[in-house]
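Trainee: This is what each chain is made of:
2 protein chains.
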Amino acid sequence: MSTYHPLSVQEAIELARTIPGHFSEGADLSCREIGDGNLNLVFHVTDTSSDKSIIIKQAVPYAKVVGESWPLSLDRARIERQALQIQHQYCPSLVPEVYAYCDEMAYTVMEDLSSYTIMRKGLIEGGVYPNFAEHIGEFIANTLFYTSDLGMNQQEKKVLAGQFVNPDLCKITEDLIFEDPYRDSPNNNYAEAIADEAAALRSDLPLHFEVALLRDKFLTRSQALLHGDLHTGSIFVTPESTMVIDPEFAYYGPMGFDIGAVLANLLLNYAAQPGWSKTEELAQREQRLLDMVPAVWNEFESRFRALWNRDLQDEMARTPGYQDHYISQILKDTAGFAGCKMIRRIVGLSHVADIDGIPDDALREAAQRKALAIGKALVRHNRSVSSIEHFMEVITQAINEIEVSI
Amino acid sequence: MSTYHPLSVQEAIELARTIPGHFSEGADLSCREIGDGNLNLVFHVTDTSSDKSIIIKQAVPYAKVVGESWPLSLDRARIERQALQIQHQYCPSLVPEVYAYCDEMAYTVMEDLSSYTIMRKGLIEGGVYPNFAEHIGEFIANTLFYTSDLGMNQQEKKVLAGQFVNPDLCKITEDLIFEDPYRDSPNNNYAEAIADEAAALRSDLPLHFEVALLRDKFLTRSQALLHGDLHTGSIFVTPESTMVIDPEFAYYGPMGFDIGAVLANLLLNYAAQPGWSKTEELAQREQRLLDMVPAVWNEFESRFRALWNRDLQDEMARTPGYQDHYISQILKDTAGFAGCKMIRRIVGLSHVADIDGIPDDALREAAQRKALAIGKALVRHNRSVSSIEHFMEVITQAINEIEVSI
Numbered sequence: 001m002s003t004y005h006p007l008s009v010q011e012a013i014e015l016a017r018t019i020p021g022h023f024s025e026g027a028d029l030s031c032r033e034i035g036d037g038n039l040n041l042v043f044h045v046t047d048t049s050s051d052k053s054i055i056i057k058q059a060v061p062y063a064k065v066v067g068e069s070w071p072l073s074l075d076r077a078r079i080e081r082q083a084l085q086i087q088h089q090y091c092p093s094l095v096p097e098v099y100a101y102c103d104e105m106a107y108t109v110m111e112d113l114s115s116y117t118i119m120r121k122g123l124i125e126g127g128v129y130p131n132f133a134e135h136i137g138e139f140i141a142n143t144l145f146y147t148s149d150l151g152m153n154q155q156e157k158k159v160l161a162g163q164f165v166n167p168d169l170c171k172i173t174e175d176l177i178f179e180d181p182y183r184d185s186p187n188n189n190y191a192e193a194i195a196d197e198a199a200a201l202r203s204d205l206p207l208h209f210e211v212a213l214l215r216d217k218f219l220t221r222s223q224a225l226l227h228g229d230l231h232t233g234s235i236f237v238t239p240e241s242t243m244v245i246d247p248e249f250a251y252y253g254p255m256g257f258d259i260g261a262v263l264a265n266l267l268l269n270y271a272a273q274p275g276w277s278k279t280e281e282l283a284q285r286e287q288r289l290l291d292m293v294p295a296v297w298n299e300f301e302s303r304f305r306a307l308w309n310r311d312l313q314d315e316m317a318r319t320p321g322y323q324d325h326y327i328s329q330i331l332k333d334t335a336g337f338a339g340c341k342m343i344r345r346i347v348g349l350s351h352v353a354d355i356d357g358i359p360d361d362a363l364r365e366a367a368q369r370k371a372l373a374i375g376k377a378l379v380r381h382n383r384s385v386s387s388i389e390h391f392m393e394v395i396t397q398a399i400n401e402i403e404v405s406i
Numbered sequence: 001m002s003t004y005h006p007l008s009v010q011e012a013i014e015l016a017r018t019i020p021g022h023f024s025e026g027a028d029l030s031c032r033e034i035g036d037g038n039l040n041l042v043f044h045v046t047d048t049s050s051d052k053s054i055i056i057k058q059a060v061p062y063a064k065v066v067g068e069s070w071p072l073s074l075d076r077a078r079i080e081r082q083a084l085q086i087q088h089q090y091c092p093s094l095v096p097e098v099y100a101y102c103d104e105m106a107y108t109v110m111e112d113l114s115s116y117t118i119m120r121k122g123l124i125e126g127g128v129y130p131n132f133a134e135h136i137g138e139f140i141a142n143t144l145f146y147t148s149d150l151g152m153n154q155q156e157k158k159v160l161a162g163q164f165v166n167p168d169l170c171k172i173t174e175d176l177i178f179e180d181p182y183r184d185s186p187n188n189n190y191a192e193a194i195a196d197e198a199a200a201l202r203s204d205l206p207l208h209f210e211v212a213l214l215r216d217k218f219l220t221r222s223q224a225l226l227h228g229d230l231h232t233g234s235i236f237v238t239p240e241s242t243m244v245i246d247p248e249f250a251y252y253g254p255m256g257f258d259i260g261a262v263l264a265n266l267l268l269n270y271a272a273q274p275g276w277s278k279t280e281e282l283a284q285r286e287q288r289l290l291d292m293v294p295a296v297w298n299e300f301e302s303r304f305r306a307l308w309n310r311d312l313q314d315e316m317a318r319t320p321g322y323q324d325h326y327i328s329q330i331l332k333d334t335a336g337f338a339g340c341k342m343i344r345r346i347v348g349l350s351h352v353a354d355i356d357g358i359p360d361d362a363l364r365e366a367a368q369r370k371a372l373a374i375g376k377a378l379v380r381h382n383r384s385v386s387s388i389e390h391f392m393e394v395i396t397q398a399i400n401e402i403e404v405s406i
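These protein sequences, in sequence, are chains A and B. Just so you know, we're using the UniProt record's numbering here: the first sequence kicks off at 1 and counts up by one. Just so you know, we're using the UniProt record's numbering here: the second sequence kicks off at 1 and counts up by one.
Incorrect hints may have been included.
When chains are identical, the list treats them as one kind, so a pair holds in a single copy or across two.
[Claimed, not checked] When the alpha-carbon atoms are kept at most 25 Å apart in a straight line, the in silico SDA-like pairs for lysine to any residue are as follows: (1) Lys217 x Gln323; (2) Lys332 x Thr396; (3) Lys171 x Glu315; (4) Lys217 x Leu363; (5) Lys217 x Gln313.
Hints listed in this document are in silico derivations from the structure and should not be mistaken for laboratory results.
Use the sequences and the hints to build the structure in full.
Mentor: Encoded structure:
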């Protein structure tokens with residue numbers, strides 16, 4: 001099995017049998033390929049006579065996005081597998097366990113999460129996740145702290161960073177998030193109804209300036225091992241628990257990029273809620289989504305500070321005032337990256353179902369304009385954001401302005 | 001020759017004969033080992049009957065500094081060789097040519113620079129180098145621009161950065177420059193006469209705060225392929241020409257670190273000049289050294305801007321105002337790193353002959369205090385430095401204050 005080829009369903013079953021401690025000998029295994037076919041094959045192998053199951057994820061040597069196909073390194077399977085293992089080490093209850101892998105065949109055998117819902121789908125259906133802020137706060141605090149120069153030996157960190165050089169996947173981010181929305185790119189994708197917004201993005205030079213600074217941070221700031229694609233489609237939830245998956249975009253980058261991804265996707269779902277003629281239930285749902293933003297940040301911040309105070313590996317970082325400064329810079333970056341991620345999901349190549357799935361044209365357009373208003377405000381003000389309360393004020397003001405104008 | 005062992009003089013001669021196009025068949029070659037024995041063997045192979053000669057530099061698997069010895073990866077020879085080749089590619093007249101190498105044996109065969117003087121020695125002897133600012137400005141502008149995301153493909157840059165993961169050598173910098181001078185470390189080394197200064201450095205928390213920020217930049221900012229140790233002992237000069245050698249500390253870091261190293265070492269030599277009872281000649285020498293600081297920066301800046309305007313690889317970096325902002329940030333970093341490098345050369349492990357070589361105790365102490373005053377001022381003000389004129393004002397003010405107090 002050492003020369004790469006896409007696994008067949010039969011091969012996936014045979015492979016599943018070799019994983020120690022899962023299926024009993026002679027178990028009647030069945031297998032379905034459940035991937036979306038764009039980047040990976042995903043085999044779901046179940047024992048028909050028990051509740052045991054596993055997932056085998058295998059990378060394919062190309063990416064398909066909205067019909068386009070381009071070659072993509074299989075090394076991303078190794079990167080994803082290694083990132084999963086590191087994240088599982090620091091957050092065992094929040095990241096699936098890797099049971100086996102083969103880098104040549106670009107597959108990873110891991111814990112099955114079929115009992116979970118993809119969080120984006122859950123949010124669209126109005127799901128309530130009271131533990132989410134605590135869980136994701138723990139995930140980002142632990143994974144970012146312990147892979148940074150603060151929480152690990154600085155020489156080992158450099159070697160680890162070298163193992164996460166991820167040019168193919170980073171290029172997708174650099175193009176789709178930090179460039180295409182601001183120029184006339186064939187990758188862009190938006191309805192004629194918001195062509196005015198797209199045109200305004202292309203000519204907004206003060207906004208470009210902020211995006212250029214954020215792009216530079218994405219390109220050059222090797223702060224911690226990022227998940228790299230931490231949107232609500234990479235998070236599996238139940239009302240009680242949370243699992244983070246799919247870290248194939250993992251690389252050493254700025255901490256605010258991961259935190260910004262979480263907040264941006266909560267805000268995209270928020271923007272998808274109808275802005276007027278609300279029922280009481282809808283108003284509560286809106287408020288719940290908005291409240292999750294500071295809740296996630298506050299969980300992250302308090303946990304990150306606790307880790308810093310307990311496990312700091314860098315003597316100079318004990319200097320009074322440095323921790324406050326460091327965290328305030330993460331918050332500014334978080335605002336900027338969250339804004340970039342909201343903007344690209346409206347005018348760029350890849351959208352979110354939260355908004356695209358709104359059947360009514362006028363409501364969908366209003367949601368798009370609201371998301372853009374929040375995203376632009378976060379980018380514009382990112383360097384001056386001074387607290388999470390200020391972060392929320394920037395959002396609220398943008399919402400109020402756009403609700404008057406719609 | 002593929003298993004590592006230190007070359008003998010006889011082996012060096014045999015190796016030299018194999019380099020195509022240098023020595024005629026049957027040439028009478030002689031060889032001397034001229035290294036200082038701390039990090040490398042350096043063989044100087046000459047043809048006794050012609051003026052032809054080459055250098056063979058071989059790493060040894062340890063470092064010796066002031067009697068201490070610790071293991072050091074031989075991979076630094078590969079890093080140095082590869083950095084030399086890249087720097088030679090962008091500055092062929094300013095970096096010696098690599099003729100041959102063997103990574104397993106950790107040697108590089110290169111152009112002989114015996115006709116040059118080590119710049120530190122030249123400056124100590126009062127040498128005048130009217131082309132130096134132009135040459136070193138070209139070196140730093142070209143090597144930093146073309147290895148950054150501005151001047152090269154951003155995916156290729158990531159792969160290149162992965163080849164320059166250099167934990168062993170970076171650790172020396174992290175410890176000796178960004179930590180030891182600010183704590184009670186057995187690595188520190190200073191005369192009893194300036195014990196008050198050393199104690200003040202250990203308790204100066206606002207200074208520690210700035211050093212912690214600069215240390216973080218050194219640890220995490222993968223901006224360009226740095227030389228990494230660009231002091232005047234790594235620069236060979238004649239009155240007409242300049243050659244940059246010894247990039248074994250090369251890694252992807254913040255641009256200001258290389259520029260700061262050059263300026264710090266000019267300022268260390270400046271500080272070594274007697275501050276009072278000057279002859280006209282000494283006053284001119286002092287002024288010449290001070291004038292080189294803005295001259296180097298201005299050469300760098302104008303060349304870097306020209307490269308940016310001609311060869312930029314990043315569309316978003318064309319945003320109006322971004323170039324000015326980027327360069328102003330490099331200047332701030334340059335000030336901070338220059339300051340850190342001056343401080344560590346006075347109280348840290350490794351000193352400079354410019355100052356340690358002053359025979360008179362009182363003059364040497366005055367030079368040490370002057371260097372510390374300039375270094376601390378640059379660190380303290382680094383984030384507010386707004387122009388090279390302002391940078392010089394910070395220095396001048398520090399000099400004036402210390403000359404009153406000495």
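Trainee: Does each hint hold? Answer for all of them.
Mentor: We went through each hint and held it up to the structure:
no.	hint	in the structure
1	Lys217 x Gln323	both (20 Å within a copy, 15 Å between copies)
2	Lys332 x Thr396	within (17 Å within a copy, 35 Å between copies)
3	Lys171 x Glu315	between (35 Å within a copy, 14 Å between copies)
4	Lys217 x Leu363	neither (35 Å within a copy, 46 Å between copies)
5	Lys217 x Gln313	both (24 Å within a copy, 16 Å between copies)
The structure does not agree with numbered hint 4 stated previously, though it agrees with all others.
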